[in-house]
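Q: For reference, the chains in residue letters:
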Amino acid sequence: MLRLAFSLLLLCTTLPAFAQATADTASSDTTSAIPKKEIAGHQFVLGIDIISPVRNMLVTGQNGYQFAADYYLHNEFYLAAEGGWGSSDVTYDDLKYHTSNAYFSAGFNKILLPREDSTDWGGLFMGLRLGAAPIQRSAATYTIIDSLWGNTSGTIAPKNFTGYWMEITAGVRVELYKGLLAGWNIRGKFMMNGKQFNDLAPLYITGYGRGDKNAVFDINFYLSYAVRWKRKR
Amino acid sequence: MTNPKPGMQVSFGSWLLAGVVACFAFWGCTQERQPCLTPKTASLNMEFVHYATDSATTTIDTALPMAIFGAITAPDTVKYTLYKSPSANFTISLSPDADSCSWLVFTDSFYVRPDTISFKYQRKLQFLSNACGFTYFYSLSSVQTTHKSIDSVLITNPSVTNNANATKQLKIYVKTGI
Numbered sequence: 233m234l235r236l237a238f239s240l241l242l243l244c245t246t247l248p249a250f251a252q253a254t255a256d257t258a259s260s261d262t263t264s265a266i267p268k269k270e271i272a273g274h275q276f277v278l279g280i281d282i283i284s285p286v287r288n289m290l291v292t293g294q295n296g297y298q299f300a301a302d303y304y305l306h307n308e309f310y311l312a313a314e315g316g317w318g319s320s321d322v323t324y325d326d327l328k329y330h331t332s333n334a335y336f337s338a339g340f341n342k343i344l345l346p347r348e349d350s351t352d353w354g355g356l357f358m359g360l361r362l363g364a365a366p367i368q369r370s371a372a373t374y375t376i377i378d379s380l381w382g383n384t385s386g387t388i389a390p391k392n393f394t395g396y397w398m399e400i401t402a403g404v405r406v407e408l409y410k411g412l413l414a415g416w417n418i419r420g421k422f423m424m425n426g427k428q429f430n431d432l433a434p435l436y437i438t439g440y441g442r443g444d445k446n447a448v449f450d451i452n453f454y455l456s457y458a459v460r461w462k463r464k465r
Numbered sequence: 564m565t566n567p568k569p570g571m572q573v574s575f576g577s578w579l580l581a582g583v584v585a586c587f588a589f590w591g592c593t594q595e596r597q598p599c600l601t602p603k604t605a606s607l608n609m610e611f612v613h614y615a616t617d618s619a620t621t622t623i624d625t626a627l628p629m630a631i632f633g634a635i636t637a638p639d640t641v642k643y644t645l646y647k648s649p650s651a652n653f654t655i656s657l658s659p660d661a662d663s664c665s666w667l668v669f670t671d672s673f674y675v676r677p678d679t680i681s682f683k684y685q686r687k688l689q690f691l692s693n694a695c696g697f698t699y700f701y702s703l704s705s706v707q708t709t710h711k712s713i714d715s716v717l718i719t720n721p722s723v724t725n726n727a728n729a730t731k732q733l734k735i736y737v738k739t740g741i
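In order, the protein sequence lines correspond to chains R and U. Residue numbers 233 to 465, in the numbering used here, belong to the letters of the first sequence in order. Residue numbers 564 to 741, in the numbering used here, belong to the letters of the second sequence in order.
Think of the hints as simulated: they come from the structure by calculation, not from any bench. One should not assume that every hint holds.
[Claimed, not checked] What follows is a set of in silico ranges between Cβ atoms, one per label pair, in the way DEER data are often shown: (1) U:Lys647 with R:Leu290: 45 to 53 Å; (2) R:Gln368 with U:Pro649: 49 to 57 Å; (3) U:Asp662 with R:Asn430: 18 to 26 Å; (4) U:Pro598 with R:Pro366: 28 to 36 Å; (5) U:Pro602 with R:Ser319: 28 to 36 Å; (6) U:Lys734 with R:Phe393: 58 to 66 Å; (7) R:Pro366 with U:Leu667: 49 to 57 Å; (8) R:Leu278 with U:Thr601: 39 to 47 Å; (9) R:Asn425 with U:Pro598: 41 to 49 Å; (10) U:Tyr646 with R:Pro285: 53 to 61 Å; (11) R:Phe393 with U:Leu688: 13 to 21 Å.
Note that the structure is predicted; figures quoted are calculated from it, not measured. Cβ coordinates follow ideal geometry from the N, Cα and C atoms, glycine included.
Sequences and hints are given; from them, build the entire structure.
A: Right under this line is the structure:
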């Protein structure tokens, strides 16, 4: 699965470079090598995932809040970051424990379709992230149900650990009104140190998803607000 | 600052709607506990064999006609399982509550003198998944038997897990003529 992630990473990073090289070659045929001037201004966007509150209401025992921010660099590249916090309670008949975590992920987004004018801030994008989450797990109580020999119960000691993962994301964002943006992201996430969860994997890690899977898919729907200012000429 | 072009708005609006539908479909499927798709109990698999002749060095499977296995779960309590069809391969479990346990083995339901097989082992608590919870895996350290119809017992794989495809753990040599 990590191989797939790295392949996509390579594809994602080389395609824009290839496209840029092609564009440069094409332009050099007709004009001399003039550095491309950035026509768009600055933009900083702060958003909240509106799926999280809905999910908190629908899913018993799980809570989470997620935020996202990005800043336009140049050439349709955005510096992007997400963060949040949450908790989950497992209350099955044979397994009970509580986990809580915060998380932070950072990376970049690349708009896939070139903008038609400098004020067009929507579009399809693809991006990469590295994420980390410090996780606190309470003591866990378990019962092994055995109809022949009888049930056995016990307790697992509490534990703190940090999960690291890589994300590939793609999505779409549109401007609903002046500065008000909406859009969704789908995310493929790949846990890089999942072996530490072998003794008891957290059911849910806010920002990642199911802790007992090394590869998960997730979806966010962000409502965001953009602050913009012009570049110095 | 301008809004997207009308054509783009329709296109992106469709994408937005698809995203909302996908969000609710996705979360709608993840509310319940996932089903447990792996065995929750570690299985000890046994193969009954016998020598074809007294001087033979190779063994052949011994199909026990109507074997009965009894788990001695307490000093005066035995829980029996009757196998109605002939077989040479049987599966039992070990006690998760102790480091030893015993089973009675009737090689035939008409044979009134059972053998007692006693197991000693180390237990290892094993997390399967949030869907399945915990179980115990075992490492066999010794197996002893009486010799009414069983000649000897050989541990062929000391590791007792929930892996159904693992090598059988015991080879039980039955006395010729049973």
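Q: Now tell me, hint by hint, if it's right for this structure.
A: Status of each hint after checking the structure:
One distance hint, 45 to 53 Å for the beta-carbon pair Lys647 (chain U) and Leu290 (chain R), holds here, with the actual separation near 49 Å. Range check, Gln368 (chain R) to Pro649 (chain U): Cβ separation about 56 Å, and the 49 to 57 Å hint holds. Separated by about 23 Å at the C-beta atoms, Asp662 (chain U) and Asn430 (chain R) satisfy the suggested range of 18 to 26 Å. A hinted range of 28 to 36 Å for the beta carbons of Pro598 (chain U) and Pro366 (chain R) is consistent with their spacing of about 31 Å.
Our hint of 28 to 36 Å for Pro602 (chain U) and Ser319 (chain R) holds, since their Cβ atoms are close to 31 Å apart. The beta-carbon spacing between Lys734 (chain U) and Phe393 (chain R), approximately 43 Å, falls outside the hinted interval of 58 to 66 Å. For Pro366 (chain R) paired with Leu667 (chain U), a C-beta distance near 53 Å keeps the hint of 49 to 57 Å intact. At roughly 44 Å, the beta carbons of Leu278 (chain R) and Thr601 (chain U) sit within the given window of 39 to 47 Å.
For the pair Asn425 (chain R) and Pro598 (chain U), the supplied restraint of 41 to 49 Å is violated, since their beta-carbon distance comes to about 27 Å. The hinted range of 53 to 61 Å is satisfied by Tyr646 (chain U) and Pro285 (chain R), whose Cβ atoms lie roughly 56 Å apart. About 18 Å separates the C-beta atoms of Phe393 (chain R) and Leu688 (chain U), a value consistent with the hinted range of 13 to 21 Å.
Consistency note: the structure conflicts with the earlier hints numbered 6 and 9.
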